[in-house]
Structure formats: C-alpha cells, structure tokens
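Colleague: Given only the sequences and the hints, what does the whole structure look like? Please build it.
Same order as they appear, the protein sequences are chains A and B. For what it's worth, my numbering labels the leading residue of the first sequence as 35, then goes sequentially. For what it's worth, my numbering labels the leading residue of the second sequence as 35, then goes sequentially.
Some hints here could point you the wrong way.
Facing chain B, according to a computed beta carbon distance under 7 angstroms, are these residues of chain A, among others [to be verified]:
1) Leu55
2) Ser63
3) Gln144
Just so you know, the hints here were simulated from the structure itself, not pulled from any lab data. Built from N, CA and C at the ideal position, the CB exists for glycine as well.
Take a look at the letters that make up each chain.
Protein chains: 2
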Amino acid sequence: MTTAAPSSRVLAHPARDEIRLEGVLHALSDPLRLLVVRELARDDAGLSCSHFDLPVTKSTCTHHFRVLREAGVIQQGYRGTAKLNALRRADLDALFPGLLDSVLAAAALQADRSAHDG
Amino acid sequence: MTTAAPSSRVLAHPARDEIRLEGVLHALSDPLRLLVVRELARDDAGLSCSHFDLPVTKSTCTHHFRVLREAGVIQQGYRGTAKLNALRRADLDALFPGLLDSVLAAAALQADRSAHDG
Chain A
35 MTTAAPSSRV
45 LAHPARDEIR
55 LEGVLHALSD
65 PLRLLVVREL
75 ARDDAGLSCS
85 HFDLPVTKST
95 CTHHFRVLRE
105 AGVIQQGYRG
115 TAKLNALRRA
125 DLDALFPGLL
135 DSVLAAAALQ
145 ADRSAHDG
Chain B
35 MTTAAPSSRV
45 LAHPARDEIR
55 LEGVLHALSD
65 PLRLLVVREL
75 ARDDAGLSCS
85 HFDLPVTKST
95 CTHHFRVLRE
105 AGVIQQGYRG
115 TAKLNALRRA
125 DLDALFPGLL
135 DSVLAAAALQ
145 ADRSAHDG
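Modeller: Right, dumping it as structure tokens:
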C-alpha cells in the first residue's frame, strides 16, 4: 500500500455556522496571513503552499495556514501531493456580508500608502 | 496643588497615520472588545469605563481598553476623574472606508444568530 490512510489526509474545517467573527478577525490580524488572503482573493482556482514566497520557515508558514483554515477563512485540500488553498468567500460573504471585501480594500489602501511613503 | 501632573493624565494614542489595519483587526478580534466597540458605536458622546458592566476584573477591563486605544480604535481621555472612551470613527473611516461599519454589521448579525440559536 502506498496510499496514505484517508484520515491523515483530511484536514479539519469548521462548518459555516461554526465560523466566528472574532476568529476571522484574529486570523486576518497578522501581516503575513493578510498577505496570503489578498493573494488568494486574486486567484479563484486555489494556490499551493509553495506558490507563496514567504519570508518565514516552512513550519511557521504551515502554522499561519492552519490558523486561517481553523478560523474558516480558507479551505485547504490535497490535489495529488499538493496542498491547495482557497478563500471561503461564499461562506464569509454569506455570514458577514461585505466584511471580506472591506478588509481586502483596507489592506490594499494600506499597502498603497506604505509604497508611497517608502 | 490638587491637580495631577499632566504627564500622568495624558494617555498615548497613535496618530492617524500610525494606525495599522492588522492592529485594528487584532483589537476587534476579542469578544469583549468587540462588545465594547459596539456599545461605543451607539453613543457618540463617549462612555466612561464604569458604564460597561463587563464580566471581568477591573485590571482585565483596563487591559482591553488599552489594547483598543493603542490600536487606534478608541480615544480615551479624562473628564474630571472619569475616563471617557469614544470610537475614533473619523480616523478609521478615513483610513479604511467601510471597514468599521462592516465589522459592526457582522457583529450584529452574529449576535442575532446566537440569540436565535439560544
């Protein structure tokens, strides 16, 4: 047998009605996680972890993705050996209309201001 | 002299351009702080700490208000011996248009859902 047991490949996600606003805001309150979410918002197909060229160790990166997944912000799943990440936009928009868009817009504005200041 | 030295009565606040989105989201990611912010949003005049009947010790309460102040979410100042708190709505709306309103709306929706579930 070369296939891993399903249990080792299934990642726990909160159901839509388990997603809490506080958890979502906490997940978005880290600069690196906010960067990841902005990137995912631009790509509906889902992105593999290796797509993100983040200035942290692999284990720190794994931690940040787990925080996003456990808060209900992203969906993580395997396609072959690659772990793909996608925003749970439908769930977030249904629960908290306009929230994700306003955070993304705020992050874009802040990034623009930083670019001009730099 | 019965008046305290100004330095002991002046509380540090970030200037508008020092307010960071990540800090604001972090400040709002706690259930108790979110409750305080919802209350402040309903009262433009500012509320004293004692207005909030929070299920925590005074020092925990002080901590939460400090997190909100240092993130730039609230303005704290003395009126006589009372410490008054007010939302920095103008600053937040200027920096991150729509963000505060969408968080407040999301918090209201979540509270409604919790009330119906209970």
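Colleague: Would the stated hint for A/Gln144 survive a check requiring a Cβ distance to chain B of less than 7 angstroms?
Modeller: Constraint on A/Gln144 satisfied, holds at 5 angstroms.
Colleague: At a threshold of 7 angstroms, is the proposed contact between A/Leu55 and chain B supported by beta-carbon distances?
Modeller: holds (5 angstroms)
Colleague: Would the hint on A/Ser63 be counted as holding, given a Cβ-Cβ threshold of 7 angstroms to chain B?
Modeller: holds (4 angstroms)
Of the numbered hints given earlier, the model fails none.
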